[in-house]
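Start from the sequences, fold in the hints, and give me the full structure.
As they're listed, the protein sequences go chains W and D.
If you're matching positions, the first sequence starts at 1 in the numbering used here and goes up one per residue.
If you're matching positions, the second sequence starts at 1001 in the numbering used here and goes up one per residue.
Misleading hints may appear alongside valid ones.
[To be verified] Just so you have them, the derived chain W footprint on chain D, three or more residues with Cβ under 8 angstroms:
1. 1032–1043
2. 1072–1084
[To be verified] Under the rule of at most 30 angstroms between Cα atoms (straight-line distance), these lysine-lysine pairs were calculated in the BS3-like manner:
3. D/Lys1299 x W/Lys476
4. D/Lys1267 x W/Lys476
5. D/Lys1276 x D/Lys1140
6. D/Lys1299 x D/Lys1118
Derived by calculation from the structure, the hints in this document are not laboratory data.
Where is the CB? At the ideal position from N, CA and C, for every residue including glycine.
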Amino acid sequence: MNWLRWWGGFSSWAIIGGLSLPILMIFYDLFHDFFTVDHLMPMGVWRLLLNSLALSLGVALLSSFFGLLLGLLWFKSNIALGWLMGRIVWVSFLIPPYILAFSWLLLFRQEGGLEVLFSGFWGTLFILFWVYLPISLLLIERFLSQIDPDLESSALLITNWWGVLYRVTIPLLLPALKVSFWLIFMLTFGEITVANVLRYPVFAMESFTQFSAFYDTQMATLMALPIMMVALLLQWQIRKGLTVRWLRWRAVPSLSIKFGLLTRWLLGGFSWMVVLLSLFPLFNLVSLIDVGSFFEALDRGTWALFLSFRDAILGSTLVVLWGVILAYLFYKELVWGANFLKGVLLLGFILPSSIMGMGLILFWNQPWSMMIYGGFWIIILGYLGKYLFLGTQIIEMGLSQSPSSLEEAAILSGASWWQTLCRILIPLHWRTLFLAWLVGFLFMMRESSMTMLVHPAGEETLPVYILTQMANGDPKVTASLSLLMVLGVIVPFVVYLFYERRGRSD
Amino acid sequence: MRYLLLGMMTLWMFSGCERLSMDNEVTIYVSEDQVFSEPLLKAFEKKTGIKVNAIYDTEESKGTGVMNRLIAESNNPQADLYWANEPIRAEVLRQKGILAPYKSPNAEGIPEKFKDPKGYWTGFSARVRIFVVHKDLAQKPTGVMDYLHPKYQGRSIIANPLFGTTTIHMAALYSLLGKEKLMEFLKGLKENKVAISTGNGESADLVSKGEYGFALVDSDDAVVRLRRGEVISLVYPDQEEGEMGALVIPNAVMLMKNARHPKAAKKLIDYLLSSKTEAKLAQADCAQIPLHAGVTPPKEIKALNEIRIMQVDYAKLASFMLEIQPILRQIF
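Below, the structure is given as structure tokens:
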């Protein structure tokens, strides 16, 4: 195993180091001749930090709580079409938050006085809750499917479902809730578009203002430092307790909560109300659209949609391929300085996208690297730098649930580590890998802030194209493009899941 | 795995070759709205056969994405030229030393105040800062200071002064009124409950819907809505004798230092600065005011010589914009 330790250490440092060079360049630029503590203390900044903390806490708690509630209803009960509802709510994640905020605002304006309630903190909380609820739901769904049914069956012998949920299921879901809380907290902390539309002053706006009003990347990076520090602290806290083995690894169907007919109808009604509410912005967009504008959007946006698919599929596939290797090396503790490397990966994830984009330009825009910078690979590298952390985390968490007896048996039978990984761990964890791929794919499909800074001419992804069209473009076409974006992602998934479920029932 | 690697290599080769093999091309970064600029660039492509690689700015980044990109790429410029929708950015780039001078023959006839004297940037097709007023508003505002009048308390709206052309307008007021009066004006906006929107488009929409009585916006935002038949009218601010006049904001085009395709870039600059292009931009929905004399202005907007123009030095506005940012951030 000694050579493996060397190889593992080298390759991990090489992969993460390579991806992080643009980030390191940005920080070198910052600390080389610029950083002073005084810069960190401009007026009003700490009040903004408190605003951001309050908002992030609110969104993370609300989304995680409702993610748990709806996850149990839709994925662990006999309510009809729960799986479909779980897919439909992804709509609000896929519409760019900027458009989503405007769409909700439009709706509330039509209702007169409601706009006052909707602006500021509560409006921002409300919209970001819808944006990030799907992340919480996805995690709950995934973790629910791996709870050992034997534990719940045993508990059901002595108590009812309420008792099982309280004593067994929810405690077992705590790691998922922690991850959900952390992820949503961080995403909210860095989000500015919704807060800007609804006029709620947040800290991340400071970084954006430095970038957009002063063209000062150094100051923008400096203003992002507190965001990163909060993320690192939270990550350190949340990671405690995440490595406990509690999931099943056998493919056994999960236990389902059986509601009576009346309760089923009532909860079904409630669920569909939630789904309809999540679709309101989409309805609002659709109400603007006519057939002509939709076909125009189809004509103008199909290429951009194709590019979005190409980049997201390629990016998420690479995230999984590298994520498997890194997660395995981390899980096996084969890498020296693993926590530092994870911290570097986390830095890429939480760094504001605009600064990440600037780092990519500063590092890769060189005469020797035009093969990368001049093509779409610069976008892929950006995606990897940003989302490899998510993929690695998800896969490592999955790997940590495997019983070591399987690997030990394989090694005793003469299998190499590579064979153990490919023949045992990967087949055992394909659902986890798919989850990592799916999360990466969805994040990459909607990314715009970094992509717009680095994409070569003619390589605009659909979210970037939508945002360039928003400025004085025909609102009908912009709405149609947003619809195209949603349909482009949701329809293939619903069709895939429909066939997957039909295949299982056959 | 073999097929995956093969596929990735193929994609890699395609992505690189596309941009390295073409000589007859030009790369332009554009801050003017894509819906207005793209048709012109396509027309240039058709006319000259020169392929135009264009990168457009987005509303989300408040139109500063390509500007930051230009600055970051300055050690190895990818853009050959930049089409900014206002001249302040041009001035910032000039001060950072990443522009090259070029005096286009088609810039003859454009008033000197809309050009850099050394040719680092040239203005064309301008917007004017204008009031959009809802038809039902009994007394129309006449000047920017009407924002502070008690009779309009809670009835007016302005785009966030931290971004875009509203910042330029505040810098212009700073240059004319000085720091103290600008502070008074900005505080007055708050006291008179002037609503703040995310952008000029949103301000115009809210006035058009009757939520507010008037808003100071760019003329293109106003004309787009007029042409949609929305119930608004236009008022040019501060047009009386002795008043400061309306702020005119031209587009600006500039050549990048060490551009890869300088010949093609100069051709495109000539094309953009031509009277024909100005005529096209005047008739398009952006309804921009031609700077060449003799070009027909859009029917909804007055010609340049019919407007009392605010007298500002665009080069100085660039530094004023940096000076007023702390004041703006303190108040908004």
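Each hint tested on the structure:
{"no.": "1", "hint": "1032–1043", "in the structure": "holds (count 4)"}
{"no.": "2", "hint": "1072–1084", "in the structure": "holds (count 5)"}
{"no.": "3", "hint": "D/Lys1299 x W/Lys476", "in the structure": "holds (25 angstroms)"}
{"no.": "4", "hint": "D/Lys1267 x W/Lys476", "in the structure": "violated (35 angstroms)"}
{"no.": "5", "hint": "D/Lys1276 x D/Lys1140", "in the structure": "violated (36 angstroms)"}
{"no.": "6", "hint": "D/Lys1299 x D/Lys1118", "in the structure": "violated (34 angstroms)"}
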